[in-house]
Amino acid sequence: MSTYPWAAGFIDDGDRPQIVTSRFQYDDSYTLDRYHATGGYQGLKAALARTPSEVHEEVKSATVLGRGGAGFPAGTKWGLMPAGKYPRYLVVNGDESEPGTYKDRLLMERDPHQLVEGCLIAAYAAGLSQVFLYIRGEMPLAHERVANALNDAYAAGYIGKHILGTSFSVDIVLHWGAGAYVVGEETALIESLEGKRGEPRLKPPFFPAAIGLYGQPTIVNNVETLSNLPWLSVNGATAYTAIGTATSPGTRMVAVSGHVNRPGVYEIINGTTTFRDLLYGDEFCQGIRNGNELKAFVPGGGSAPWFTPEQLDLPFEGRLVGAAGSMLGSGAIMVMDSTTDIPKAALTLTHFYAAESCGQCTPCREGGTWLERVLQRVVDGRGSRADLDQMFEIGESICPGTFPHASSEALGLQAAPFPYKMTTICFVGPSAYAPVHSALTLFRSEFEAKIVERKHIPVTVGAPIDHH
Amino acid sequence: MTVTRLNEANTILAKEIIGRYPKARSATIPLLHLSQQQNGYVTDEAMAHIAELVGATPAEVMGTATFYEMFKFQPVGKYLVNICGTMSCQLLGADELMHHAEQRLGVKAGGTTADGLITLEHAECQAACTEAPNMQVNYRHCHRMTTESFDQLVDDLRAGRLDGEIPPHGTLARVRQIIPAEKSAGVASPDAPVVPAWMPEAAK
Numbered sequence: 058m059s060t061y062p063w064a065a066g067f068i069d070d071g072d073r074p075q076i077v078t079s080r081f082q083y084d085d086s087y088t089l090d091r092y093h094a095t096g097g098y099q100g101l102k103a104a105l106a107r108t109p110s111e112v113h114e115e116v117k118s119a120t121v122l123g124r125g126g127a128g129f130p131a132g133t134k135w136g137l138m139p140a141g142k143y144p145r146y147l148v149v150n151g152d153e154s155e156p157g158t159y160k161d162r163l164l165m166e167r168d169p170h171q172l173v174e175g176c177l178i179a180a181y182a183a184g185l186s187q188v189f190l191y192i193r194g195e196m197p198l199a200h201e202r203v204a205n206a207l208n209d210a211y212a213a214g215y216i217g218k219h220i221l222g223t224s225f226s227v228d229i230v231l232h233w234g235a236g237a238y239v240v241g242e243e244t245a246l247i248e249s250l251e252g253k254r255g256e257p258r259l260k261p262p263f264f265p266a267a268i269g270l271y272g273q274p275t276i277v278n279n280v281e282t283l284s285n286l287p288w289l290s291v292n293g294a295t296a297y298t299a300i301g302t303a304t305s306p307g308t309r310m311v312a313v314s315g316h317v318n319r320p321g322v323y324e325i326i327n328g329t330t331t332f333r334d335l336l337y338g339d340e341f342c343q344g345i346r347n348g349n350e351l352k353a354f355v356p357g358g359g360s361a362p363w364f365t366p367e368q369l370d371l372p373f374e375g376r377l378v379g380a381a382g383s384m385l386g387s388g389a390i391m392v393m394d395s396t397t398d399i400p401k402a403a404l405t406l407t408h409f410y411a412a413e414s415c416g417q418c419t420p421c422r423e424g425g426t427w428l429e430r431v432l433q434r435v436v437d438g439r440g441s442r443a444d445l446d447q448m449f450e451i452g453e454s455i456c457p458g459t460f461p462h463a464s465s466e467a468l469g470l471q472a473a474p475f476p477y478k479m480t481t482i483c484f485v486g487p488s489a490y491a492p493v494h495s496a497l498t499l500f501r502s503e504f505e506a507k508i509v510e511r512k513h514i515p516v517t518v519g520a521p522i523d524h525h
Numbered sequence: 019m020t021v022t023r024l025n026e027a028n029t030i031l032a033k034e035i036i037g038r039y040p041k042a043r044s045a046t047i048p049l050l051h052l053s054q055q056q057n058g059y060v061t062d063e064a065m066a067h068i069a070e071l072v073g074a075t076p077a078e079v080m081g082t083a084t085f086y087e088m089f090k091f092q093p094v095g096k097y098l099v100n101i102c103g104t105m106s107c108q109l110l111g112a113d114e115l116m117h118h119a120e121q122r123l124g125v126k127a128g129g130t131t132a133d134g135l136i137t138l139e140h141a142e143c144q145a146a147c148t149e150a151p152n153m154q155v156n157y158r159h160c161h162r163m164t165t166e167s168f169d170q171l172v173d174d175l176r177a178g179r180l181d182g183e184i185p186p187h188g189t190l191a192r193v194r195q196i197i198p199a200e201k202s203a204g205v206a207s208p209d210a211p212v213v214p215a216w217m218p219e220a221a222k
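Top line first, the protein sequences correspond to chains A and B.
Letter by letter, the first sequence follows residues 58 to 525 of my numbering.
Letter by letter, the second sequence follows residues 19 to 222 of my numbering.
Source of the hints: derived by calculation from the structure; they are not laboratory data.
From the three backbone atoms N, C-alpha and C, an ideal C-beta is built for every residue, glycine too.
Just so you know, not all the hints are guaranteed correct.
What follows is a list of derived Cβ distance ranges for each label pair [as the list claims (entries may be wrong)]:
#	chain 1	residue 1	chain 2	residue 2	range
1	B	T29	A	G141	48 to 54 angstroms
2	A	L259	B	E70	30 to 36 angstroms
3	A	R333	B	T189	24 to 30 angstroms
4	B	Q121	A	N292	53 to 59 angstroms
5	B	A177	A	P130	38 to 44 angstroms
6	B	E26	A	A106	45 to 51 angstroms
7	B	P198	A	D90	33 to 39 angstroms
8	A	R333	B	T165	32 to 38 angstroms
Residues on chain A that point at chain B, a partial pick, calculated with CB under 8 angstroms [claimed, not checked]:
#	residue
9	E195
10	H200
11	N205
12	R254
13	A267
14	Y271
15	S314
16	G359
17	M391
18	M393
19	T397
20	A402
21	E413
Produce the entire structure from the sequences given, and follow the hints as far as they go.
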């Protein structure tokens, strides 16, 4: 048996390298004792034996891609801070809430010390004076595990003043959210951490590396990204890049959910593992449930345009998936089999993004809501044929010019270029449209089947009313 | 009425939390949670008190509080049952689970049972998608729910069998971070820029 009841959903069948999940096999993986017994805090010691810029260079040369969604290399991100401007902050993004995503919660609950050590290495390398570890509100177990880990690490001298007897001093403050999807966007996360409504900031000028928390240079990194650093610091960039491909080195945690035989969270080799491996492989999901056919899948979290069986042989590689019109996003695959009611599945996601709109940008606030209403009408059997084109029109107002209209099929417009143009500050608006666009483009007949044709009631023109 | 302001012990805790941030207002959300833990929901008096503590106006604190799903502004049940309805859960029976829950509890989503014990809510993705359908009780995850396991859970909640495991609504983590004063590296204030001692520029 390769699943662990204390790490619900995590499966480590097979002989794959483990960078971030190596301790999940222990039921006490979250304790300092277990962490010490399994090489814990050796990465911090290795880092402190070098200069900050040497550690930074190593992270850069390992090309540790961000695991939150955008996939931007962490080492490069750190390098974007203006020289000489202090204090600089690290904000840890533990606000995991993209539909389909389940990995950061596991990392915080099962290996909090690894995350803490990753924060320390990042703070040392990039000269960050204070760390704020922002955990999603609806994850109290993660809070408890991380709080315990921080308390133990303070007591052991890993955090705080003169860490391990050096001049390196940094506090890590545990902060918690209160339920808002949009706060996972890095500038909204910063607003929230400043005690405000979690409304994203306009970029430019508010790139966090330049103008972030309290207007200071700020690095926002995802939990999984930071959890890679202890292993990298101990084993080196060469060992790290030996796993995966040149453009996508290392491993990734991927959650595969929906209509598969063995849904689970897997640590996979980056860049080479294909969607077919993941959905059908023996060491992964072992095929579609009940022997059904695969209809479609979402490759990278609810915001990502959908794929069909045609794209199964694509590897889990950001550029290739991007070229195919979608994204790897947050490592979340949701699988739909042949029994799936596609319009309803799209409605579920559109409802999510419409409900989670912060309301700042009109195209998202109004457009998302209208998309949901029109789609709901179609799903309920009250829709008309015009509603289908109406949804494309609403989508156009959020993502202008990038999505092909049904009416422009004659022009040969098929692929949905990604990322799209957008009229909104952040990605929530386009995310409300992505599932509708995908579903309508790929499975239009299913929408049409829900439309009940009604005969027009002829309007009888009577005699003019005599007002006198 | 001052009874729903933060009590003495929580006010001390609130000041300690504020002291961890370069700017007091950053403590707004943690303090709102603290007030919800004390009272079960966020009261106007608590928001006014938090505003005094963090140096904001009550309207600013309310503006923040109302943005976030988890803050409640009227009493809810001792247990908040959130059934996830986002994609993977919906694909694997969330609608049926919600329908069953409404029947079993005799309330619609958003309602509270007559005995005041359980408030039922429709929720969005809970980061447990491989374990669908999923739900939370006071934000504690319950994986792979069935109508039977839901009934069992309700029986257990009513009989008080989960009292030790699930604290009443408002209490999130039962472990708090403690930063010992003698170990703290201190806040990094943007108003008093200091080059970190370990960076090469510090030596110049």
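Open item on the list: The hint names A/H200 as touching chain B; please verify it with the least Cβ-Cβ distance against 8 angstroms.
Closed with: Cβ of A/H200 sits 3 angstroms from chain B, so the hint holds.
Task: Interface restraint verdict for A/M391 against chain B (beta-carbon cut-off 8 angstroms) - done: 5 angstroms, holds
Task: chain B contact restraint on A/A267 - CB to CB distance below 8 angstroms - done: With a minimum Cβ separation of about 14 angstroms from chain B (threshold 8 angstroms), the hint on A/A267 is violated.
Open item on the list: Assuming the hint says 48 to 54 angstroms, is it satisfied by the Cβ distance from B/T29 to A/G141 or not?
Closed with: Violated, at about 40 angstroms.
Open item on the list: A range of 30 to 36 angstroms was offered for this pair. Does it hold for the Cβ distance of A/L259 and B/E70?
Closed with: Between A/L259 and B/E70, where Cβ atoms are some 32 angstroms apart, the hint holds.
Open item on the list: Interface hint check: A/S314, Cβ to nearest Cβ on chain B, cutoff 8 angstroms. Holds or violated?
Closed with: Nearest chain B Cβ about 4 angstroms off; hint holds.
Open item on the list: Given a hint of 32 to 38 angstroms, does the C-beta separation of A/R333 and B/T165 actually sit inside it?
Closed with: Cβ of A/R333 to Cβ of B/T165: about 35 angstroms, so the range 32 to 38 angstroms holds.
- [ ] Can you let me know if the beta-carbon spacing of B/P198 and A/D90 is within 33 to 39 angstroms?
- [x] 20 angstroms, violated
Open item on the list: Can you verify the interface hint for A/R254: is its Cβ closer than 8 angstroms to any Cβ in chain B?
Closed with: Status holds, d = 4 angstroms.
- [ ] Just tell me: holds or violated, for the beta carbon distance of B/Q121 and A/N292 against 53 to 59 angstroms?
- [x] Since the Cβ atoms of B/Q121 and A/N292 sit about 55 angstroms apart, the hinted range of 53 to 59 angstroms holds.
- [ ] Tell me if A/E195 is really an interface residue toward chain B, meaning its C-beta lies closer than 8 angstroms to one of theirs.
- [x] Since the shortest Cβ distance to chain B is 5 angstroms, the answer is holds.
TODO: Could you say whether the range 45 to 51 angstroms given as a hint is met by the Cβ separation of B/E26 and A/A106?
DONE: 48 angstroms, holds
Violated hints, in rising order: 1, 3, 5, 7 and 13; the structure is consistent with all others.
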